[in-house]
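Protein chains: 2
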Amino acid sequence: MKILSDPRKINQLIRRAKRNGKSIGFVPTMGALHAGHLSLIRQAKRDNDLAVVSIFVNPAQFGPQEDLKRYPRPLKNDLALCRKEKVDLVFIPEDKMMYPEGFVTFVNVEGLSGRLCGAARPGHFRGVTTVVTKLLNIISADVLYLGQKDAQQAVIISRMVEDLNFAVKIVVMPIVRGNNGLALSSRNVYLSKSQREEAQVLFKALHLAKLMIRHGQFNSSRIIEKMKELISRKKQAKIDYVAIVDPKSLGPLKKIGRDCLVCLAVKFGKTRLIDNLRITCG
Amino acid sequence: MKILSDPRKINQLIRRAKRNGKSIGFVPTMGALHAGHLSLIRQAKRDNDLAVVSIFVNPAQFGPQEDLKRYPRPLKNDLALCRKEKVDLVFIPEDKMMYPEGFVTFVNVEGLSGRLCGAARPGHFRGVTTVVTKLLNIISADVLYLGQKDAQQAVIISRMVEDLNFAVKIVVMPIVRGNNGLALSSRNVYLSKSQREEAQVLFKALHLAKLMIRHGQFNSSRIIEKMKELISRKKQAKIDYVAIVDPKSLGPLKKIGRDCLVCLAVKFGKTRLIDNLRITCG
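Residue numbers (numbering that gives the first Met the number 0), protein chains in the order written: chain A, 0 to 281; chain B, 0 to 281.
Isolated chain A (complex conformation) (with noise of 0.2 Å):
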């Protein structure tokens, strides 16, 4: 296993990689590997014949109030299990290497990248889509690897790889959960116990929608309304948004068609959770 520093070397590497027929897969992360990234890594073995990961705690997304400082960088670790999945290829870039004096060109998915978790982090998916370009252009991946657990992130970026014509398959990977139903999350750590058990509410808030559909329940709202009712009985939560949503636009949802995006983002304590479900009917 190789780890770089450099872009130019790494995109070097990559290049001479390619002209050799071999494709690449690639998995972007800001590290703190759980089994939700190691799903994606190893779908990446197994669909290419490199497989690349990205480390890198990208400045650019994080809010100034947000928790950039602390968010966990356990490197060792990190490397442990990529030299285990038999990562061909990693990427550890200094931020001063990714946003050197003078850097000031961005990328924004208009409209998406305000809604949802738009909303509440000002300028953080114009961080991820920049960020995102760049590894793309770094990296030239054949396929791109991303989680569901961040939907409207996997939405954007896929908007975004469209619209500018990256030449690059994405696969999205279903959500990885604990037995409790929690979606593994990097930033689960930061939960205390009682917190961590609360939590458990929201995979119960998503599946209580899900039911409410297949009883017949196509209005949002009445879905929503239930979903709110039963995640604020946990006495640390706190909603910042419940909401139903089309896969594609992310636009709200009055009523529920063939298909639908349930997703919520709830705070507990000073850790902001975010969980989906995709619905389909019919």
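The hints are simulated quantities; they were obtained by calculation from the structure and are not laboratory data.
Watch out, some of these pointers could steer you wrong.
For the chain B half of the interface with chain A, some residues (derived, Cβ under 8 Å), not all of them [as the list claims (entries may be wrong)]:
no., residue
1, P6
2, F102
3, V103
4, T104
5, F105
6, V106
7, V108
8, E109
9, G110
10, T132
11, N136
12, R158
13, L163
14, N164
15, F165
No residue lacks a Cβ here, since even glycine has one placed at the ideal position from N, Cα and C.
Position chain B relative to chain A; hints supplied.
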């Protein structure tokens, strides 16, 4: 010479050529080719195995009050010129292929895009950087050829290529001028005979700046004043800006140092002309 309109098809063709070790030189144009464009095309032919020219009047870089509709589109002549120069591939996409319904992603080089021409043409450079990102992803060239005539555009694209890690080298070719000193531009066809005569003053004004600097005048505002005075003698001239700026940051230079860019935009009737001169001292 192959002519293609489908982004995917030309992308596949170029990827195959690159796998076979061919180098790609790319000249993006809006058509209405003149000797300025041809100097770029010739350089692309000299430097690379394959020369690719795109012809696309990019709607995203025109303001609502601008000349998108009447912009010259002499396609037959353009293709004849490309054939004569032995261009290998011409890419002529349709608007709806480049900006399909639902397109929402834009690339913006902040700061630089608001200065000089950007002040009079809000959104213009965002349109330029967005389409160039798309074209670079579609063509994936080794070398991108730009004209110094559009000096701000060249600076902004260079900044973008560096910021977003595009693996492309940029070559900026000198301005080509007519016998009268007028910089060649596809928009010169709009000029009446008297406007064309008056427009010769632009190069004279740039030359005046050079003379003043050579004679030890390093105070920008003094030089700009004299340039404006000279230009204003022409009846139909309406100055948009005359500026002396740092060639990289495009920020105004009060005192001229080793290297400066003298640039201007002047309207003759409805036709907005730009020109510039890079001046190095000592």
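### Message
Which constraints among the numbered hints does this structure fail? Numbers only, ascending.
### Response
none
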